[in-house]
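This is what each chain is made of:
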Amino acid sequence: MDSFLNVTQQLLSGFGENCYIFIVTLLLAIPLGLIVSMGSMSGFKPLKWLTKTVVWIIRGTPLMLQLFVVFYIPPLVSNGSFAFPRMNAALIAFVINYAAYFSEIYRGGIEAIPKGQYEAGQVLGMKKSQIFFKIVLMQVVKRITAPIGNEIITLVKDTSLASVIAIPEILMNAKDFSMDGLIWPLFYSAVFFLAFCGVLTLLFAFIEKKLDYYKG
Amino acid sequence: MSMLNVDNIQKSFGKNEVLKNISFSLEKGEVLAIIGSSGSGKTTLLRCLNFLERPQKGKITVNGEVLFDGDTYSKQKESEIRKKRLHFGMVFQSFNLFPQYKVIENIVLAPQLQAKEQLKSTGEYMGVKTYKEAQQKIMENALVLLEKVGLSEKKDAYPCNLSGGQQQRVAIARALALNPDILCFDEPTSALDPELTGEVLNVIKGLKTSDSTMIVVTHEIEFARDVADKIIFMADGVIAEEGTPQQVINNPQNPRTKAFLSRFKQNFS
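Keeping their order, the protein sequence lines are chains A and B.
My numbering numbers the first residue of the first sequence as 1 and each following residue consecutively.
My numbering numbers the first residue of the second sequence as 1 and each following residue consecutively.
If you are wondering where the hints come from, they were derived from the structure by calculation, not from laboratory data.
Do not take every clue at face value.
[As the list claims (entries may be wrong)] Across the chosen pairs, the derived CB separations fall in these ranges:
1. B:Ser163 / A:Gly43: 33 to 43 angstroms
2. B:Glu78 / A:Asn150: 36 to 46 angstroms
3. A:Ile35 / B:Glu117: 18 to 28 angstroms
4. A:Trp56 / B:Asn161: 38 to 48 angstroms
5. B:Lys83 / A:Gly43: 15 to 25 angstroms
6. B:Ala191 / A:Trp56: 31 to 41 angstroms
7. A:Asn150 / B:Ser163: 29 to 39 angstroms
8. A:Lys52 / B:Asp69: 51 to 61 angstroms
The structure presented is a predicted model; accordingly, all values stated were derived computationally and were not measured.
Even glycine gets a Cβ: it sits at the ideal position worked out from N, Cα and C.
Starting from the given sequences, assemble the full structure and let the hints guide the process.
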């Protein structure tokens, strides 16, 4: 019994790290993704291609590798005089990675809005910004709720990847127990993820229901 | 002087010349119907008037004010275009209501934004000085318009819960709420089931008064004959024939008009 409480406590403290990465990534990647999506839809071709190339690189390489790059490359090129603290390195990699994915979801959502909605706003004398914020945005939010929810649930589990740069998150703590011959904490850690994702699933179902007051 | 003057409008999409030197004029209070087969340029003409397309050449004048001049139009500011396009109202074939807003919100949204902007810049909007008063005015006007299109009881419904005909009537009220000089209809009944076209056409008929100027692009020949003061028949980007309904529909001169109308008679009688 003593060991169960001890394990729970250790795993919980690790899961705190996961939650911290999760929340900061969401708070920063959601707005950053919108800016990136604007870049990839830009009429200014160089910006568009630059953005698309960056998104390709970020989506085309493993997040684990990106964590290594952010953490190990700065000290290598600066001869050890500069390095990000571990947690900051993890956050940078996660935010950039998720912003790239979010940006593509936004782009899909924005491009799916019929041209007629923009034209209706135009003939009613609205400014471009008014058309975006008063007409288009709400419709985009409705369209992207499900894919964003999917991505957010993936993020919950991806936070474990931070262990590759030695952030003491839940799986790393569980693995430490297994090194001492205690295997079950590894499986027990699934409970934390399941609980967290369960809450998120309920939350997204609620949001989708809230947005279901109209069709189209 | 005519209310609307369109001079030599020319519009191409790539190599495809869609409008070839279109000129016509319209008096205040007149209803103009534009008929013609698909691809003849009717809709493009209407879109040019509403600044949804930019002609390569030509001139558009409303009440003596030059709105568009292909020679001097290099890069007009967005704010200028916004002001100018408000001379025209537009009702689309596919309604284009804003799905997330209730019927009443669809109608008051644009006037409210306009009121905010005007109060900020000039301190006055339609004779009132505060946004609260302006809002009240806009709401009263919207309710009057909804009554006019016969949908007062639907004011809190969402567009998805309305029939196509009802949606189009809301779209008409929405366009009227900005008090345009000239109201344009782009095939307003083409997306509707046949049994729903009547209610929309009746609303448009009901709008016809001595000072409402309208341009209707339509395939409803009967309707055009009943409502229009003037009919333009377009073919291949030119005005093939124009005149009163009597002249164009009952007694067409151009062989293409004759062919077009006889096809209609075969199909619909």
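#### Entry: Cβ separation of A:Asn150 and B:Ser163, checked against the hinted range 29 to 39 angstroms
Since A:Asn150 and B:Ser163 have Cβ atoms about 35 angstroms apart, the given range 29 to 39 angstroms holds.
### Query
How does the Cβ-Cβ distance of B:Ala191 and A:Trp56 compare with 31 to 41 angstroms: does it lie in that range?
40 angstroms, holds
### Task
Just tell me: holds or violated, for the beta carbon distance of B:Glu78 and A:Asn150 against 36 to 46 angstroms?
The hinted range 36 to 46 angstroms holds for B:Glu78 and A:Asn150, with Cβ atoms some 37 angstroms apart.
### B:Asp69 and A:Lys52 - C-beta distance against the hinted 51 to 61 angstroms
39 angstroms, violated
### Task
Determine whether the Cβ-Cβ distance between B:Ser163 and A:Gly43 falls within the hinted range of 33 to 43 angstroms.
This hint holds: roughly 38 angstroms between Cβ atoms.
### Message
Does the beta carbon distance between B:Lys83 and A:Gly43 stay inside 15 to 25 angstroms, or does it fall outside?
### Response
24 angstroms, holds
#### Entry: Distance restraint evaluation - A:Trp56, B:Asn161, Cβ atoms, bounds 38 to 48 angstroms
43 angstroms, holds
### Query
Do the beta carbons of A:Ile35 and B:Glu117 sit within 18 to 28 angstroms of each other?
27 angstroms, holds
Hint 8 alone, counting from the list given before, is not met by this structure.
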